[in-house]
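A.B. asks: Chain residues, written in single-letter form:
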Amino acid sequence: MPAIEVEGLERAFGEVLAVRGIEIAVEAGEIYGFLGPNGAGKTTTVRMLTTLLLPTGGRATVGGHDVVAEARAVRASIGVALQEAALDPLMTGRELIRLQATLQGIPTAEGRKRADALLERVDLVAAADRRVGGYSGGMKRRLDLAAALVHEPRVLFLDEPTTGLDPVSRKTIWEEVRELNADGTTVFLTTQYLEEADQLADNVGIIDSGRIVAEGTPESLKAEIGNPHIQLQLAAGSVAEAESILAPVGKLLPPKDGRKVLVEVENGAADIPRVVRILDEAGIAVESLELVRPTLDDVFVAKTGYHLEEESEENAEQEPVGA
Amino acid sequence: MSAFAVNVRVVRALGMRSIRQTFRRPQLIAPIVVFPTILLAIQTGGAGGAVELPGFPPVQSFLQFMLAGAMMQSLMLAGNSGGIALAVDIEMGFTDRLFSAPIPRFAIVLGRLAGTAALGLFASLWFLAIGLVFGAEIESGVAGALLAIVLVTACAMAVGGIGAAIALRTGSASVVQGLFPLVLVVLFLSSAFFPVDLMIEPARTIAEYNPLSLVVEGVREPIISGIDAADTLYAVLAILGIVLLGLLLSARALRHRLRVG
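Top to bottom, those sequences are chains A and V. Count the first sequence with this note's numbering and you get residues 103 to 425, in order. Count the second sequence with this note's numbering and you get residues 4 to 264, in order.
Just so you know, the hints here were simulated from the structure itself, not pulled from any lab data. As the structure is a computational prediction, the values presented were derived from the model and not from experiment. Even glycine gets a Cβ: it sits at the ideal position worked out from N, Cα and C. Be aware that one or more of the hints could be misleading.
[Said to hold, decoys possible] Residues from chain V that keep clear of chain A, each with C-beta distances beyond 10 Å, as calculated: (1) ALA16; (2) PRO60; (3) MET95; (4) SER103; (5) PRO105; (6) TRP129.
[What the hints assert, rightly or not] If you anchor each label on the Cβ, the simulated ranges turn out as follows: (7) VAL188(V) / VAL170(A): 20 to 30 Å; (8) VAL145(V) / ASP168(A): 23 to 33 Å; (9) ARG23(V) / ARG174(A): 19 to 29 Å; (10) VAL188(V) / GLY159(A): 18 to 28 Å; (11) ARG161(A) / ILE230(V): 40 to 50 Å; (12) GLU222(A) / VAL188(V): 31 to 41 Å.
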């Protein structure tokens, strides 16, 4: 039985359909990466799966329990670390984990033991009795993760656990997620970072405008895209001409910025001399050239027509209310 | 451990958190203790001669008369502060942590109310202590003091229910905070600071029908004269009415919050 099973799940906010009949199956012990830009419906989906929001259509089970009819059983089997770590700045780290243990029905003495062990696990022993308001972003995320683990959940939901973190803190969280998964925990991870999904996920679901547009292992999704592309950095003003003369070489991909041209090529490195020759004959100077193998971003572009991380950075819009 | 025992632990833990939160956030504790104490000092210092007015109930001093009003102001603002704190929890996502735990969601509201009740208890003890220090007598002795404490504590929880309902419905601390002046209006249109018989219309009629006046009289009588069964009964009924209203509104607001996320 899948740890998470979603069938035709929908959520409307008034006229806006934030999640449009999605289907997901996550096997026990898997890390599922739920990838999409801001406002795509990731958080709304997580909120429905964690019983924080009622679906307006479809159904979902988590740990074999229906998220609407058996919400309490779902909550007993999951750990949740939501976007923007939901921490009380006036509590200390130790108080927070002990409270979380009480909320999970763990006896006081056992809760204290687990709190101490978890604080050690996430390297927060020294800061345990300081108020959370004084923690750094990385410390808050680690504390949030520790609190989500206090009852040793079978399924863990992590909603953008590394958004806004520096690279070192991000890697620390990744290591922790890998260790948890190695212990058998199923992880449902939403992210807007391609590298995160690529590094961590066994399977990836790409969501855009409330619909799942692609699903599979990172390797299978990249293989689906097929060919690598040559990325050229050109002098300003020569991009349009370069695109025109390179069109017969291969499919032009949407550029990441105004001075780059991306050409899909069938033969990989073997096509580089041809591209360089064409540009040289046209008198177009190439500042840099790179052969790029398909990435999840290419998958995203192929499925949606735009770049995920570019979109995530530019898109300051929030998801609809409750999303 | 039985489910009931677990829920009691949860309510106690959330109540303790609520109390800690209040004492660690000066803007929450100030309205409960500091403002009513200052107002009590100003009123007793500046309007003490009111006791000489014809029709003013027989009292030992204006301070003795005002103790019930100060307690009411404190408990009303404790209810409002509890609502603000809950709304802040919603705004910063802390309630998501609570709502995603396998506990009855109403335990979350009860935890908050337990904290507000404790603040009511604190307020009643504080003002009784101030009264005693500055010479006010509790006419019905220890029993009367205990009755006043119980009524104030229960009423704080009841008013907290209304604050919690507004917080859950709006999810906005600034909206709940915006009710602060309204709380004062409701208080001034009751017998908290002045005897109803000496008010002029329409304030007098409003105060007569204001359920808070019933609670005020239930708290005041043991302090200024003696325990009166009828006054006590009316106060208890008024508190039960407010409790019922608060719980009803909170239950509806909880359902609404789950619908909108």
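A.B. asks: Evaluate each hint against the coordinates.
C.D. replies: Structure-based check of all given hints:
1. Taking the minimum C-beta to C-beta distance to chain A, about 4 Å, the non-interface status of ALA16(V) is violated against the 10 Å cut.
2. Every CB of chain A lies more than 10 Å from the CB of PRO60(V), the least distance being 43 Å, so the non-interface label holds.
3. Against chain A, the non-interface label of MET95(V) is violated: not every CB pair exceeds 10 Å, the least being about 7 Å.
4. Listed as a non-interface residue, SER103(V) fails to keep its Cβ farther than 10 Å from every Cβ of chain A; the least gap is roughly 5 Å.
5. Taking the minimum C-beta to C-beta distance to chain A, about 4 Å, the non-interface status of PRO105(V) is violated against the 10 Å cut.
6. Every beta carbon of chain A lies more than 10 Å from that of TRP129(V), the smallest distance being close to 22 Å; the non-interface claim holds.
7. With their beta carbons about 42 Å apart, VAL188(V) and VAL170(A) fall outside the hinted range of 20 to 30 Å.
8. Between VAL145(V) and ASP168(A) the CB atoms are about 56 Å apart, so this pair departs from the stated range of 23 to 33 Å.
9. With their beta carbons about 27 Å apart, ARG23(V) and ARG174(A) fall inside the hinted range of 19 to 29 Å.
10. The hint said 18 to 28 Å for the Cβ distance between VAL188(V) and GLY159(A), and at roughly 45 Å that hint is violated.
11. In this structure the hint that ARG161(A) and ILE230(V) lie 40 to 50 Å apart at CB is violated, the actual value being about 59 Å.
12. The hinted range of 31 to 41 Å is not satisfied by GLU222(A) and VAL188(V), whose Cβ atoms lie roughly 53 Å apart.
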